[in-house]
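Got chain A sorted already, so can you dock chain B onto it with the hints?
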Amino acid sequence: MIGKMDCSTVAKLMADYLGDELTAEQREALIMHLAACTVCEAEVRTLQRTIEQMKQLETVSMTNAMAHTRNLAIVRRRPLVQRMFLASLKAAAVLAFGVLVGRYTTPSAAPAPPSSIPVPAPVSASIAPQQPEEHDDMPIHPDWINLARKQVAPRSSFAGRLMLIAESGKPASAG
Amino acid sequence: MPVAVGDTSMANVMEPDEAATAQVYRWAYRFLQNHHDAQDATQEVLTRWIQRRALVVENRTAWLRRTTINCCIDAIRARSRPAPQPDAPDNVVVPAAAAAQRELRERIATSLASLSDQQRTVVVAKLYDRETFASIAAAMNLSVSTVKTHYLRALRAMRGALKDFAEVRI
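For the protein sequence lines, the chains are A and B, in the order given.
For this note's numbering, add 292 to where a residue sits in the first sequence, where the first one is 1.
For this note's numbering, add 246 to where a residue sits in the second sequence, where the first one is 1.
Chain A extracted, bound-state conformation:
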């Protein structure tokens, strides 16, 4: 033991001494020990020098820091999962838009009938009068059939007049 403290006590109090948290009495006793013990003195001195070196990295005052951070724009990035979800949503939207545009802008891709097969000419309803379809279960009233014929071949057309003449056996009255 050197002075009021031994080396083990100094080792226990070294952190408090370097951190400036010793009482005045403890500090005085430790300094007395350091004055007499070269081992403890070297340990404390080198650690104090390290502290001094680290404290050489000074910083700005709080007022200055506030001035430099007052207009700091924080990039509010969304979380990664949310960003991935939004990205996939955008990709799906773009894909759907592309499919719709492609469907409505490209010509019809229906296959043309082969030229070897004769295509039947469409039968004109005005020339070939339609026969009423036979329904065994639901008979159709003749007035409905006549009305349909008049709608298909109106009187104003030449074919319609011919059809009416053929049905009635006399020329249709004009007007």
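Since the hints were derived computationally from the structure, they do not count as laboratory data.
Quantities reported herein were computed from a predicted structural model and do not represent experimental measurements.
Ideal placement from N, C-alpha and C gives every residue a C-beta, glycine not left out.
A portion of the hints provided could be inaccurate.
Pairwise CB distance ranges, derived in the manner of DEER restraints [said to hold, decoys possible]:
| id | chain 1 | residue 1 | chain 2 | residue 2 | range |
| --- | --- | --- | --- | --- | --- |
| 1 | A | Met354 | B | Glu349 | 25 to 33 Å |
| 2 | B | Asp410 | A | Cys299 | 23 to 31 Å |
| 3 | B | Thr293 | A | Ile323 | 45 to 53 Å |
| 4 | B | Ser360 | A | Gly390 | 49 to 57 Å |
| 5 | B | Ser360 | A | Ala359 | 32 to 40 Å |
| 6 | A | Lys304 | B | Thr293 | 38 to 46 Å |
| 7 | B | Thr392 | A | Leu387 | 52 to 60 Å |
| 8 | A | Ser300 | B | Asp410 | 28 to 36 Å |
| 9 | A | Thr330 | B | Phe411 | 22 to 30 Å |
| 10 | B | Ser360 | A | Glu344 | 15 to 23 Å |
Here are the simulated BS3-like pairs of lysine-lysine, each with C-alpha atoms no more than 30 Å apart in a straight line [claimed, not checked]:
| id | chain 1 | residue 1 | chain 2 | residue 2 |
| --- | --- | --- | --- | --- |
| 11 | A | Lys304 | A | Lys347 |
| 12 | A | Lys304 | B | Lys409 |
| 13 | B | Lys409 | A | Lys347 |
Here are some, though not all, of the chain A residues that point toward chain B, as calculated from beta-carbon distances under 10 Å [said to hold, decoys possible]:
| id | residue |
| --- | --- |
| 14 | Lys304 |
| 15 | Asp312 |
| 16 | Arg341 |
| 17 | Thr342 |
| 18 | Ile343 |
| 19 | Thr355 |
| 20 | Thr361 |
The following block gives chain B in isolation, referenced to the frame of chain A:
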């Protein structure tokens, strides 16, 4: 004015206020010694905070300090270009001293990076923020003796990294 580590009222505040933002800036500037880099680091730290604010953070100040130190260490490590000259408004730094200070800063950052996360937090809180061991222990949920042990081990590790460095006077 440093933000107290044990200030639990700040843990309920979701957005870092002006004082907390300035404190992050001061931490960043201490290691980076450059306003532009300090602003970048501050922005990065606050962005990370906003991203993680949904998570439970017991002590916002401790989280901000630890994240700031890690950001600064990453920035110093990743910096391949020559560091810009320090432009501290509080001190007039001559170029020769600035170069020495830059080397010191890089050495400190390297040695801090070699420490454990707890050691790094304790030494920064004690040396730079002048926290007491009791407040640091309360913030880190450690015993006071454990915090003191971390402090001494961190200082001894950094002593080895800085022992051959010439003392710089600013």
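Right, here's what the structure says about each hint:
Restraint check, Met354(A) to Glu349(B): a C-beta distance of roughly 27 Å satisfies the suggested window 25 to 33 Å. A C-beta distance of roughly 27 Å is found between Asp410(B) and Cys299(A), which places it inside the suggested range of 23 to 31 Å. Checked against the hint of 45 to 53 Å, the pair Thr293(B) and Ile323(A) passes, with Cβ atoms roughly 48 Å apart. Between Ser360(B) and Gly390(A) the CB atoms are about 54 Å apart, so this pair conforms to the stated range of 49 to 57 Å.
Between Ser360(B) and Ala359(A), the C-beta spacing of about 34 Å keeps the proposed range 32 to 40 Å intact. Against the hinted window of 38 to 46 Å, the Cβ-Cβ separation of Lys304(A) and Thr293(B) comes to about 43 Å, which satisfies the hint. Here the CB-CB span from Thr392(B) to Leu387(A) is close to 57 Å, well matched to the stated 52 to 60 Å. With their beta carbons about 30 Å apart, Ser300(A) and Asp410(B) fall inside the hinted range of 28 to 36 Å.
For Thr330(A) and Phe411(B), the hinted distance range of 22 to 30 Å is satisfied, since their beta carbons lie about 24 Å from each other. For the pair Ser360(B) and Glu344(A), the supplied restraint of 15 to 23 Å holds, since their beta-carbon distance comes to about 20 Å. The hinted pair formed by Lys304(A) and Lys347(A) meets the criterion: a straight-line CA distance of about 24 Å does not exceed 30 Å. Among the hinted pairs, Lys304(A) with Lys409(B) is consistent with the structure: their alpha-carbon atoms are about 23 Å apart, no more than 30 Å.
A hinted pair counts as satisfied when its Cα atoms are at most 30 Å apart, and Lys409(B) with Lys347(A) qualifies at roughly 15 Å. For Lys304(A), the interface hint holds, since its Cβ comes within 10 Å of a Cβ in chain B; the closest pair sits about 9 Å apart. With its C-beta approaching chain B no nearer than about 9 Å, Asp312(A) sits inside the 10 Å limit, and its interface hint holds. About 8 Å separates the beta-carbon of Arg341(A) from the nearest beta-carbon of chain B, less than 10 Å, and the hint is met.
Taken as an interface hint, Thr342(A) checks out: its beta carbon lies about 4 Å from the nearest beta carbon of chain B, inside 10 Å. At a threshold of 10 Å, the smallest CB-CB gap from Ile343(A) to chain B is about 6 Å, leaving the interface hint in force. Interface restraint check for Thr355(A): the shortest CB-CB distance to chain B comes to about 8 Å, inside 10 Å, so the restraint holds. A least Cβ separation of about 5 Å between Thr361(A) and chain B falls short of the 10 Å threshold, and the interface hint therefore holds.
Consistency with the previously given hints is maintained throughout, with no hint failing.
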